[in-house]
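K.L.:
Chain by chain, the residues run as shown.
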Amino acid sequence: MKRLHRMGALLLSALAILAISTSAPAANLPDDVQAIVKRGELRVGVKSDVPGFSMQDLSGNYAGLEVDLAKKLAEAMGLKADDVVFTAVTAKTRGQLLDTGDIDMVLATFTITEERKQIWNFSSSYYTDAVSLLVKKNSGISGYADLTNKRIGVAEGSTSKDALIKAAKENGVTLTDTDNIQTFPDYPSIKAALDAGQVQAFCVDGSILSGYLDPSTEILSTVRFAPQEYGVTTKLSNKGLASFVEEKITGWLSDGTIDKIISANGVTPSFKK
Amino acid sequence: MIEQILSPECWLVFLADWTLFLQAFGVTVMVSIAALALALALGVVFGVMSTSHYRLPRSVARAYVEAIQNTPLVLQAYVFYLALPYVGVMMGQVSVGIFAVGIYHGAYIAEVVRAGIQSIPRGQAEAAASQGFTYVQTMRWVILPQTVKIILPPLVNQMVNLIKNTSVIALIGGTDLMNRTNDWATSGASIYGPPFLVCGVLYFLLCFPLSTWGRRYEERLKKKDHHAEQELKKLEEELS
Numbered sequence: 001m002k003r004l005h006r007m008g009a010l011l012l013s014a015l016a017i018l019a020i021s022t023s024a025p026a027a028n029l030p031d032d033v034q035a036i037v038k039r040g041e042l043r044v045g046v047k048s049d050v051p052g053f054s055m056q057d058l059s060g061n062y063a064g065l066e067v068d069l070a071k072k073l074a075e076a077m078g079l080k081a082d083d084v085v086f087t088a089v090t091a092k093t094r095g096q097l098l099d100t101g102d103i104d105m106v107l108a109t110f111t112i113t114e115e116r117k118q119i120w121n122f123s124s125s126y127y128t129d130a131v132s133l134l135v136k137k138n139s140g141i142s143g144y145a146d147l148t149n150k151r152i153g154v155a156e157g158s159t160s161k162d163a164l165i166k167a168a169k170e171n172g173v174t175l176t177d178t179d180n181i182q183t184f185p186d187y188p189s190i191k192a193a194l195d196a197g198q199v200q201a202f203c204v205d206g207s208i209l210s211g212y213l214d215p216s217t218e219i220l221s222t223v224r225f226a227p228q229e230y231g232v233t234t235k236l237s238n239k240g241l242a243s244f245v246e247e248k249i250t251g252w253l254s255d256g257t258i259d260k261i262i263s264a265n266g267v268t269p270s271f272k273k
Numbered sequence: 001m002i003e004q005i006l007s008p009e010c011w012l013v014f015l016a017d018w019t020l021f022l023q024a025f026g027v028t029v030m031v032s033i034a035a036l037a038l039a040l041a042l043g044v045v046f047g048v049m050s051t052s053h054y055r056l057p058r059s060v061a062r063a064y065v066e067a068i069q070n071t072p073l074v075l076q077a078y079v080f081y082l083a084l085p086y087v088g089v090m091m092g093q094v095s096v097g098i099f100a101v102g103i104y105h106g107a108y109i110a111e112v113v114r115a116g117i118q119s120i121p122r123g124q125a126e127a128a129a130s131q132g133f134t135y136v137q138t139m140r141w142v143i144l145p146q147t148v149k150i151i152l153p154p155l156v157n158q159m160v161n162l163i164k165n166t167s168v169i170a171l172i173g174g175t176d177l178m179n180r181t182n183d184w185a186t187s188g189a190s191i192y193g194p195p196f197l198v199c200g201v202l203y204f205l206l207c208f209p210l211s212t213w214g215r216r217y218e219e220r221l222k223k224k225d226h227h228a229e230q231e232l233k234k235l236e237e238e239l240s
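Protein sequence lines, in the order shown, are assigned to chains R and C.
The numbering of the first sequence is my numbering, which starts it at 1 and goes up by one.
The numbering of the second sequence is my numbering, which starts it at 1 and goes up by one.
No lab work stands behind these hints, which were simulated from the structure alone.
Glycine included, each C-beta is placed from N, C-alpha and C at the ideal position.
All clues stand as given, with none of them false.
Example chain C residues on the side facing chain R (calculated, C-beta under 8 Å, incomplete):
id	residue
1	Tyr81
2	Leu82
3	Pro85
4	Tyr86
5	Met90
6	Gly173
7	Asn179
8	Asn182
9	Asp183
10	Thr186
11	Ser187
12	Ser190
13	Tyr192
I would like the entire structure built from these sequences, with the hints used as guidance.
P.N.:
This is the structure:
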């Protein structure tokens with residue numbers, strides 16, 4: 001009887017240990033991550049107009065590499081993939097939405113820069129891309145030299161503008177903010193302006209451009225510059241969330257999970273490190 | 001936002017690029033003035049047309065006002081910028097700003113002018129006609145001067161709205177104040193507090209004097225009227 005009792009105690013403690021070890025991830029999660037788990041939904045800012053990365057279809061669903069990554073992050077927190085609430089962001093709105101706390105993280109072709117790291121947390125880069133130009137096939141533009149008297153459309157708040165001016169300068173061509181660059185609030189308006197002939201080139205990261213490629217346009221293979229690294233962005237004060245994301249991303253980078261997601265979405269990087 | 005506005009470092013980074021904002025402000029002022037001139041011209045012409053005795057000018061004015069008032073300005077700007085190039089009319093953003101905003105507010109001002117003219121008693125036009133005034137002379141010397149103080153408040157309202165609405169060209173890549181602020185605030189160091197505050201202040205500086213002037217001018221006209229009335233009364237008393 002006594003022995004049975006002891007065995008029962010042993011069994012109980014073994015069960016307790018088991019219980020602790022299975023619930024351990026949740027208990028070890030930083031406070032800001034736990035707050036998300038408790039809320040039951042992960043709020044993620046994604047683009048709605050970048051095919052392969054994050055594209056919203058007509059029924060409102062999002063699909064793409066960044067959407068898949070966000071769902072995986074939710075699952076790593078112990079939530080379900082369906083618990084991710086997506087918010088469409090632009091280069092202009094994503095930072096401010098993070099700061100106001102409307103969204104927990106941004107996966108929206110958000111380029112990592114030293115300046116931005118002072119304002120938000122960035123994870124390691126899950127994708128590297130180069131900036132390029134989309135032009136009309138009959139435009140006669142084949143390189144930097146043809147750009148001097150042209151107007152180039154870029155998105156507000158993107159890093160492409162400065163990168164283009166710098167890359168052109170390195171190639172001996174002077175482009176100015178006021179004469180050559182026009183900034184638009186989103187990518188579709190740049191494409192519309194390109195089609196109408198109001199701008200002669202559309203400048204943004206190559207992967208984004210590939211979504212706007214059509215029979216009348218081409219991406220210049222001669223103009224590729226400024227490799228851009230995309231990272232998962234969180235609010236600067238959410239340090240716990242940032243380190244959680246960083247741990248997951250680096251893990252998935254080394255075990256090939258991210259490579260798989262990239263090829264599943266058909267967005268082979270235009271730039272290899 | 002608030003932290004950035006309170007941070008001197010943010011202001012220093014922002015002020016280092018002040019020439020960009022000055023230039024953009026210049027674009028906004030230029031588009032505003034030109035669009036205002038166009039809107040006033042269109043407004044007076046179409047406003048007078050819509051009070052005409054003839055059917056044709058009346059219908060033309062009606063069609064213009066209804067087409068413009070019942071479609072969004074942003075759409076009209078897109079038509080100018082993105083659709084007209086397909087029929088061979090290529091317009092830069094500054095011209096789009098002037099024409100789209102000028103034509104848009106021209107329609108509203110036409111309605112303001114029409115209401116002003118119709119508020120003047122018919123007898124005045126009949127009296128002018130009996131004195132041998134032509135239609136244009138009646139309008140120029142009798143009717144329009146009297147409408148000024150009636151239409152001034154809604155007119156100034158339209159002018160202030162026009163200035164603010166020039167920011168529509170920010171959507172089509174025009175380098176006006178709104179576009180420059182949006183772009184600057186979201187690139188580089190992502191400092192958005194100071195630029196948005198300054199942008200707001202600059203628009204305010206442009207609009208506030210105009211609305212104040214409008215109010216003062218209206219008061220002065222009313223005082224003058226009151227004065228004239230008193231004089232007339234005195235004269236009548238002396239005569240009787």
